[in-house]
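> As they're listed, the protein sequences go chains A and B. Using full-length UniProt numbering, the first residue of the first sequence is number 1, and each one after it goes up by one. Using full-length UniProt numbering, the first residue of the second sequence is number 1, and each one after it goes up by one.
Take the hints with a grain of salt, since some may be wrong.
As the list makes no split between identical chains, a pair holds if one copy fits it or if it spans any two.
Below 20 Å or equal to it, Euclidean Cα-Cα: the simulated SDA-like pairs (lysine to any residue) are [to be verified]: (1) Lys193 <-> Trp74; (2) Lys193 <-> Arg169; (3) Lys144 <-> Pro185; (4) Lys193 <-> Pro182; (5) Lys193 <-> Gly163; (6) Lys193 <-> Thr170; (7) Lys36 <-> Glu211; (8) Lys130 <-> Trp74; (9) Lys193 <-> Asp168.
The hints are simulated quantities; they were obtained by calculation from the structure and are not laboratory data. Note that the coordinates shown come from a computational prediction; the quantities given were computed from them, not determined experimentally.
2 protein chains.
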Amino acid sequence: MQIAVLLYDDFTVLDAVGAYELLGRLPGAETVFVAKETGPVRGDQRSLALVADKTLAEVPHPDIVLVPGGPGTWPAMADEEILAWLREADATSTWTTSVCTGSLVLAAAGLLKGRRATCHWLSLEELAAKGTEATGERVVFDGKYVTAAGVSSGIDMALHLLGRIAGDRTAQIVQLLTEYDPQPPYDAGSPEKAPAEVVAYWRELAQQSAEALQTS
Amino acid sequence: MQIAVLLYDDFTVLDAVGAYELLGRLPGAETVFVAKETGPVRGDQRSLALVADKTLAEVPHPDIVLVPGGPGTWPAMADEEILAWLREADATSTWTTSVCTGSLVLAAAGLLKGRRATCHWLSLEELAAKGTEATGERVVFDGKYVTAAGVSSGIDMALHLLGRIAGDRTAQIVQLLTEYDPQPPYDAGSPEKAPAEVVAYWRELAQQSAEALQTS
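Take these sequences, add in the hints, and give me the full structure.
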């Protein structure tokens with residue numbers, strides 16, 4: 001079982017690493033980080049780079065495809081080399097997955113048309129505009145397509161996938177070994193729970209960014 | 001405000017990245033990944049390397065020190081260059097922090113003597129044996145020393161720290177933007193909650209590993 005994690009400039013590092021840390025512990029699985037070119041790929045905070053060990057061309061048929069999100073999503077959606085690789089990999093994958101705005105890249109490749117999927121809460125409208133039934137759920141399964149909400153939700157997605165692939169007991173062992181017993185000191189992790197003015201502020205900012213992109 | 005994340009061979013990637021993803025969003029902070037040498041440092045699953053941009057010598061006085069854990073903890077505890085850097089950095093740091101078995105490295109540097117601290121649940125006894133009051137809590141503050149339990153707990157630690165440094169509102173914004181609204185499909189993330197036979201099996205395995213290390 002080969003797991004390919006796609007890297008591209010300006011991805012959100014925890015999108016990739018949260019899911020990888022748990023899913024990579026799948027017994028018998030080999031994980032490979034892939035990008036257009038091998039070498040360091042810098043995340044959106046710019047202070048951390050992850051190393052891609054293989055090019056896209058070297059990993060044409062992974063069993064599991066994992067696409068992180070981040071500000072680099074928008075250039076990635078317009079990158080024909082990335083989209084072509086996703087279509088080819090998806091043609092033979094067992095699972096095609098994403099975290100955060102990674103689902104926008106899958107949608108841009110034409111893989112989520114008419115499917116139920118999720119995304120970072122700030123990008124659900126854009127996901128819907130791509131012909132996808134965008135839900136606000138944290139993890140969405142639609143056939144072999146598995147999408148997760150923002151950033152940290154990749155951890156929950158990985159546990160779900162581990163359970164489906166290797167059984168509940170294996171997933172529970174991985175949860176125990178990664179001590180995933182969340183105890184956040186605040187309860188502000190979704191737009192339904194966060195202070196209303198904070199949510200409104202970020203929605204406004206996202207709207208302005210989208211408009212700026214369209215007129216640039 | 002400078003945040004230094006220590007990397008060493010065989011660290012657990014999510015230990016570093018979970019805390020980094022949230023804490024790195026601290027307004028005005030600059031994060032730098034440091035290691036004995038610059039370049040890729042491979043994590044414990046071997047399939048992923050993070051890039052250290054600076055050597056230890058280049059970052060002698062960070063405001064926040066963050067030490068991840070992992071299987072590489074034990075060699076790191078015996079590495080005088082790493083221990084000397086930690087002592088020097090700690091002498092002027094505002095916060096000295098760890099995730100998972102990273103607290104064993106802080107203890108090996110003599111920084112946790114008599115202090116309350118936490119660790120991955122499988123290594124609490126070893127932490128206590130180093131003269132530390134080892135608690136099983138998820139995040140422990142003792143003065144400027146902040147330690148977190150296993151792997152994923154660095155995310156909770158980062159939120160606590162963000163609140164202390166920048167206030168509750170900033171921490172809530174970061175929680176919302178990283179959509180940290182955990183919904184694990186199982187409730188097996190601590191030894192109190194996981195199936196008893198799973199916990200017993202891993203305790204036995206850890207005991208055997210410790211004995212093998214002592215006789216090797």
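> Now, for every hint given, state plainly whether the structure supports it.
Each hint, compared with the structure:
1. Neither within a single protomer nor between protomers do Lys193 and Trp74 lie at most 20 Å apart by alpha-carbon distance, with minima of 28 Å and 41 Å respectively.
2. For a Cα distance limit of 20 Å, the shortest separation of Lys193 from Arg169 across copies, 13 Å, qualifies, whereas the shortest one inside one copy, 31 Å, does not.
3. In the homo-oligomer, the alpha carbons of Lys144 and Pro185 lie at most 20 Å apart only across protomers (18 Å), although the nearest pairing inside one protomer, at 35 Å, exceeds that limit.
4. Proximity of Lys193 to Pro182 under the C-alpha cut-off of 20 Å is found in both arrangements, the shortest distances being 16 Å within a copy and 12 Å between copies.
5. In this homomeric assembly, Lys193 and Gly163 come within 20 Å of each other (Cα to Cα) only across copies, at 17 Å, whereas the closest approach inside a single copy is 28 Å.
6. Taking the shortest Cα distances, Lys193 and Thr170 sit within 20 Å of each other only across copies (15 Å), while inside one copy they are farther apart (32 Å).
7. For a Cα distance limit of 20 Å, the shortest separation of Lys36 from Glu211 qualifies neither inside one copy, at 29 Å, nor across copies, at 45 Å.
8. Taking identical chains as interchangeable, the C-alpha atoms of Lys130 and Trp74 lie at most 20 Å apart only when both belong to the same chain, with a minimum of 13 Å there against 50 Å between chains.
9. Proximity of Lys193 to Asp168 under the C-alpha cut-off of 20 Å is restricted to the inter-copy arrangement: shortest distance 14 Å between copies versus 29 Å within a copy.
Of the numbered hints stated above, those contradicted by the structure are hints 1 and 7, listed in ascending order.
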